[in-house]
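Engineer: If you read the protein sequences in the order shown, they are chains A and B.
The first sequence: position 15 = 15 (the working numbering), numbered continuously.
In short: position in the second sequence from 1, add 1000, done, that's the working numbering.
Because the hints were derived from the structure by calculation, they are not lab data.
The structure presented is a predicted model; accordingly, all values stated were derived computationally and were not measured.
You may find that some hints are simply not true.
Within a straight-line C-alpha distance of at most 25 Å, the following computed SDA-like cross-link-like pairs (lysine to any residue) qualify [claimed, not checked]:
| no. | chain 1 | residue 1 | chain 2 | residue 2 |
| --- | --- | --- | --- | --- |
| 1 | A | K105 | B | P1089 |
| 2 | B | K1106 | A | F9 |
| 3 | B | K1106 | A | E166 |
| 4 | A | K169 | B | G1108 |
| 5 | A | K241 | A | R144 |
| 6 | A | K47 | A | T229 |
Number of protein chains: 2
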Amino acid sequence: MRTETRSFFDTVRPAIDSALDRLLPAEDVPPTDLHRALRYSVLAGGKRLRPALCVAAYSIYREDYRPILPIACALEMAHTYSLIHDDLPAMDDDDFRRGMPSCHKKFGEAMAILAGDALLTLTFETIAACTQFEASRLTAAIFRLARALGTRDGMISGQVLDLAAEGLKLTTLELESIHRSKTGALLSTSVWLGGWLGGADSAELDALLRFGQKIGLAFQIVDDVLDETESREMLGKTAGKDRERGKATYPALLGVDQSRRYVRDLTEQARESVRPLGRRAELLIGISEFLETRGN
Amino acid sequence: MRTETRSFFDTVRPAIDSALDRLLPAEDVPPTDLHRALRYSVLAGGKRLRPALCVAAYSIYREDYRPILPIACALEMAHTYSLIHDDLPAMDDDDFRRGMPSCHKKFGEAMAILAGDALLTLTFETIAACTQFEASRLTAAIFRLARALGTRDGMISGQVLDLAAEGLKLTTLELESIHRSKTGALLSTSVWLGGWLGGADSAELDALLRFGQKIGLAFQIVDDVLDETESREMLGKTAGKDRERGKATYPALLGVDQSRRYVRDLTEQARESVRPLGRRAELLIGISEFLETRGN
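Chain A extracted, bound-state conformation (with noise of 0.2 Å):
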């Protein structure tokens, strides 16, 4: 990794961690079972990509970032909510998330259903609650998130395809659609409301949007390549579950070395699309070349 990615990911990664413990419930707060549950899915760790993302497109067009922190809170939360529900034994049925049980086998099936719900409304009423954003931004900034999250190209559109696909024999371009609804929209979703809350102007937030798409889409190829190649311990989930779950990726696709390849070449598009941003781009570059390494 880069210096400057480096050093952005060890200062915001805390800020992240210690904003979201403020805007999470304490434990002692009833319901505490529950509580506790949001508590142990959000701050089980994980990168924090989505709220990296918005703070490195924030931080585009404003010298300090701590304004955009509850935003980038709440992408997480959202990404939160969607894997404990992904995980529960009626979906993808997965017992590890991040190194640890996933939710429901800590808590149990009900509470996980409702830790998901609530990590899903506590995303909308954090937005609702950052006044020192003008109000229209935010409107616009909650609807485009809610789209992000949704049925029609969002992320639960994504899951839907994803569960009626396996075992099925997808295209690329099938597998394609569904990783650009699964993970892509929040992702790409992410990188634009940085840019949004930050004053970025349309021709920069359409730049913006399409680097979010290319390293959305790379992200997920990693992804499938490293669920192929890694072992638990380093996943912190289960591995080869993919495979055993008869769900297409792109390395049973395209194998290994070619889906290496195309993530190369996506982060190359995506360092494209924001070069019209110039140096200021930086930092969102870096992310990109971080995501394309992790997974060789």
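For chain A, the structure is supplied; the task is to place chain B on it using the hints.
Structural biologist: Then chain B, alone, in the frame of chain A:
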């Protein structure tokens, strides 16, 4: 039902239903299964009580109620999300809802979890899109609704408390606190939102909220009484279920007669709360009387 209350429902219910039809994704938009599940659950009927309360409160301040319809629909979406998730096997495990198989019986558990998630997401998307209202009013509306649906005295905390209380002997106070969050918070917020977006002043908003809290509790007691006294065909959901699951109910604690007396008292207190609004509150009072007599 009073003539004017009847004629209000006769006009507003179809208006709500057609606005819901318009706001929900069409069945032929992919993922079609999921969108079918959404429409199945939302358009299955139901009293549209929360939308009606919202429209009635808005109508105190505005002649034309059409601008509030999407907000009213968002409340119904949020309510339906909660019904779908509450009916899941891991939660209340209910096979019937509104006289039909519940969402997971019809579409499977994974789809029901995602349909609930989708409706909650669409709730906030719908409100954020209401540019007919001032943006700062909207962000406050979103914040308030998220709190009512959330984990701190909101709907989710009510569901957690409700699940935890199964088989336990509760006092009337404890039962009341469950219902205040589980159904009361969303009902009272529905009234509040109508007033807030209509332009009520702060004393009026307090009065509307109090009104909503009183009828919210009355509504739940009537529900308990009906669960005890009516058949499944009348209810459209499994009857006698509360007792079977060892849930505390008002009839179990107070008996049917005293429960009904309590409903009358609460309805009277609700009426009292909005007395300062004078004749403009007649519609709300009519709805409260309709709710009261539902249980007789």
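Engineer: Take the hints in turn and mark each one as holding or not.
Structural biologist: Hints and how they fare:
{"no.": "1", "hint": "A/K105 <-> B/P1089", "verdict": "16 Å, holds"}
{"no.": "2", "hint": "B/K1106 <-> A/F9", "verdict": "46 Å, violated"}
{"no.": "3", "hint": "B/K1106 <-> A/E166", "verdict": "21 Å, holds"}
{"no.": "4", "hint": "A/K169 <-> B/G1108", "verdict": "23 Å, holds"}
{"no.": "5", "hint": "A/K241 <-> A/R144", "verdict": "32 Å, violated"}
{"no.": "6", "hint": "A/K47 <-> A/T229", "verdict": "19 Å, holds"}
Violated hints, in rising order: 2, 5; the structure is consistent with all others.
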